[in-house]
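Residue numbers (UniProt numbering), protein chains in the order written: chain A, 1 to 161; chain B, 1 to 506.
Hints are computed from structural coordinates only; laboratory data are not their basis.
Every residue gets a Cβ at the ideal spot worked out from N, C-alpha and C, and that includes glycine.
Any given hint might turn out to be false.
[Said to hold, decoys possible] Here are some of the chain A residues that sit facing chain B, going by a computed Cβ distance under 8 angstroms:
1) L29
2) P32
3) P41
4) F44
5) V50
6) S52
7) Y98
8) L108
9) L109
10) T111
11) L115
12) G118
13) A119
14) G123
[To be verified] Listed next, the stretches of chain A that the computed footprint assigns to chain B, with coverage defined by at least 3 CB atoms under 8 angstroms from CB atoms of chain B:
15) 18-27
16) 54-63
17) 81-90
18) 100-106
19) 134-146
Here is what each chain is made of, one letter per residue.
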Amino acid sequence: MALDRWIALIILGIALAYGYAAFFTMDQLLPPFMQRNPIWPSTFPKVLAVLSILTSLVILLGLEKPSSEAKTPDIDYRRLGDYNIGQAALLLGLMVAYALLLRPAGFLLSTAGFLTVGAMILGERKLWILIPVAALATGIVWYLVEGVLGIFLRPLPFFLG
Amino acid sequence: MLEGLMIGLSTAFSVTNILMVIGGCLIGTFIGMLPGLGPMSIIAIMIPVAITLGDPSAALILLAGVYYGAIFGGSTSSILLNAPGVAGTVASSFDGYPMARAGMAGKALTIAAISSFMGGTVGAILLMVFAPMLSTVALLFHSAEYFALMVVGLSAIAAFAGTGNVAKALMMTLLGLMMATVGEGALFNMPRFTMGLMDLQSGLSFITLAMAMFALPEAIFLVMNPGRSAQGGENGGKITGLRITGQEARKIAPVIGRQSIQGFFIGVLPGAGATIASFLGYAVERNIATEEEQKEFGKGSIKGLAAPETANNAACTGSFVPLLTLGIPGSGTTAILLGALIALNVTPGPRLMIDSPHIFWAVIISMYIGNLVLLVLNLPLIPYIAKVLSIPRNYLIPFILFFTLMGSYIGQNNATELLILVGFGICATVLRFADYPLAPLLIGFILGRMLEDNFARSMQLYDGISFILDRPMTLGLLVLAALLVIVPSYRARRARARAAGVADGD
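Could you build all of it, start to finish, from the sequences and the hints given here?
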């Protein structure tokens with residue numbers, strides 16, 4: 001089964017869960033006076049659930065055949081190993097680490113670290129250029145966000161203030 | 001209209017707003033030149049900045065400037081590197097790149113800039129004429145018609161996704177609508193589909209979603225496939241001979257005239273947009289050119305470069321018509337603009353011209369200024385701006401990722417938002433592997449609330465579903481929406497049956 005049909009299967013699962021919530025759980029909480037309304041909070045979700053279940057079935061069962069003139073995709077997922085999938089995964093991991101560290105470690109340290117480590121994951125080794133560039137960029141962005149846009153970002157790690 | 005123009009002139013010609021246009025165009029050109037970053041990603045990254053400005057007309061002027069700049073920057077990298085940064089400029093590389101290879105890079109850029117300028121300017125004039133007319137009509141619409149109109153818009157976007165993709169585009173639209181129902185709406189005083197999580201109480205953030213759908217997958221693709229970020233090697237540095245001759249100008253003038261009008265009207269259609277306009281413009285001009293000129297197409301014809309460049313800029317302007325008059329975005333980019341406007345407490349729609357004419361007219365005037373800036377300021381600067389193409393990707397990619405993170409953090413000031421961003425970004429990348437279009441999802445998400453509000457209002461007014469039958473226009477629009485979705489797949493099915501040579505029974 002091709003990837004797009006697996007995705008359709010997952011979306012079908014989501015749509016079923018969504019539909020279950022809309023049809024069977026939402027209306028119980030509705031106060032009696034609102035039940036006289038022609039529209040309930042669950043009305044629109046119910047319509048969406050039915051439509052999306054139908055559409056995902058159309059894709060899943062392959063009712064709509066893809067056009068014969070297959071265009072070359074940007075990335076062929078059948079040959080994922082040929083691409084730099086490891087680098088991409090590491091960078092995504094780095095983004096998660098950044099999200100978790102932003103508050104405790106402060107903006108300056110985590111951003112400079114993010115830029116440096118990110119470039120190193122991509123294969124940059126000239127640290128004597130990289131670290132000053134990252135530090136300078138961090139400083140500029142911090143100035144822009146804090147000074148110009150006026151949004152507070154804790155600059156330093158938690159133990160420094 | 002004259003009165004409106006005066007209001008627009010006085011708003012747009014304030015020092016801040018002119019700086020906004022110039023800054024927006026420069027930033028847009030700068031980033032749009034980087035292969036792989038389209039206008040949608042750039043505008044998504046710029047939204048937090050625009051929202052912090054606080055002034056809706058300045059914000060919209062800035063974002064519109066970024067939009068034109070991005071399209072212009074995209075053509076530059078198409079011409080110089082054969083690496084279009086934007087889908088709408090792919091057709092420009094057909095003839096632009098051969099010209100650059102033949103040592104006429106400067107001339108190609110000038111033609112591109114002049115065509116873009118003319119396309120944008122004619123588009124702005126047409127917008128000025130048609131938008132007020134359309135919004136007068138739109139004032140007669142009730143919520144039932146609005147509901148139907150949005151359904152038409154959403155299904156048109158799915159229908160234009162191309163054969164074999166209608167179901168996928170529809171699926172993405174529905175997914176976007178479903179995501180829009182998460183959180184506590186204004187209509188019903190209860191949280192829906194939050195799964196008990198406090199972070200979902202106010203719904204999903206549209207900036208985070210825009211970043212996750214466009215900027216992040218692009219960056220991941222750039223990492224995975226280094227070939228996408230082709231570097232300017234051979235003739236990246238030298239761009240000379242920006243002048244064109246009078247003879248060449250006469251040759252491209254009719255092309256520009258035709259394509260700016262055609263492009264504009266294609267841009268007005270929901271879902272069509274700059275990409276289709278540029279390809280169609282190229283095809284039309286090739287077909288009506290004389291025999292000997294046809295041979296030049298694809299080998300560096302100036303007509304073949306002028307046509308898509310004019311058409312895509314005119315279409316960009318055209319796509320503002322449904323946004324400003326109906327409040328319904330027809331493309332991913334205008335959907336992002338709509339989201340930004342709503343965040344600034346401005347609801348685009350037919351009332352926009354009456355309630356806040358200064359915003360409406362300032363945007364139109366800024367379109368002229370923006371096009372002028374691109375021609376007068378950016379063109380001479382191109383040789384320097386093109387240096388951005390030589391930034392090593394090792395530096396570039398971490399910065400792109402950092403800006404997506406920053407964009408969604410500034411919007412919400414919440415680190416959980418960053419985890420949501422990465423999560424959705426991964427989902428979006430997988431969806432792109434499987435060739436699911438992502439723009440419909442975002443459009444569905446942005447229109448979701450409005451769609452439900454209008455639906456609920458008409459249900460309440462008519463005490464049930466009867467409004468569909470009582471109002472002929474609503475019914476007509478809904479039938480049109482259904483046809484838009486069903487007809488393409490039905491025709492594809494029949495064409496396939498015929499191609500297979502198997503008679504279906506008869």
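Verify the interface restraint on A/F44: the C-beta must sit less than 8 angstroms from at least one C-beta of chain B. 5 angstroms, holds
Going by Cβ atoms only, is A/L109 closer than 8 angstroms to chain B? Violated - the Cβ of A/L109 stays beyond 8 angstroms from chain B, reaching only about 14 angstroms at its closest.
Identify whether the interface hint at A/A119 stands, where standing means a beta carbon of chain B within less than 8 angstroms of its own. Holds, about 5 angstroms.
Next item in the hint list is A/L108. Is there a CB on chain B closer than 8 angstroms to its CB? Violated. Min distance 13 angstroms.
Could you check if A/Y98 really has its C-beta closer than 8 angstroms to a C-beta on chain B? With a minimum Cβ separation of about 6 angstroms from chain B (threshold 8 angstroms), the hint on A/Y98 holds.
Is the interface hint for A/T111 satisfied, with its Cβ closer than 8 angstroms to some Cβ of chain B? 7 angstroms, holds
Status of the A/S52 interface restraint (C-beta, 8 angstroms, chain B): 4 angstroms, holds
Cut-off 8 angstroms, beta-carbon criterion: hint that A/V50 touches chain B: Given a least distance of 10 angstroms, the restraint on A/V50 is violated.
Take the region 18-27 of chain A, compare each residue's beta carbon with every beta carbon of chain B, and decide whether three or more fall closer than 8 angstroms. holds (count 3)
Does A/G123 hold up as a contact with chain B if the rule is Cβ-Cβ below 8 angstroms? 6 angstroms, holds
Evaluation of the interface hint that places A/L29 against chain B, nearest CB under 8 angstroms: This hint holds: A/L29 lies near chain B, its Cβ roughly 7 angstroms from the closest one there, short of 8 angstroms.
Chain B over the region 100-106 of chain A, status - at least 3 residues with CB closer than 8 angstroms: holds (count 3)
Hints 2, 5, 8 and 9 from the earlier list are contradicted by this structure; the remaining hints agree with it.
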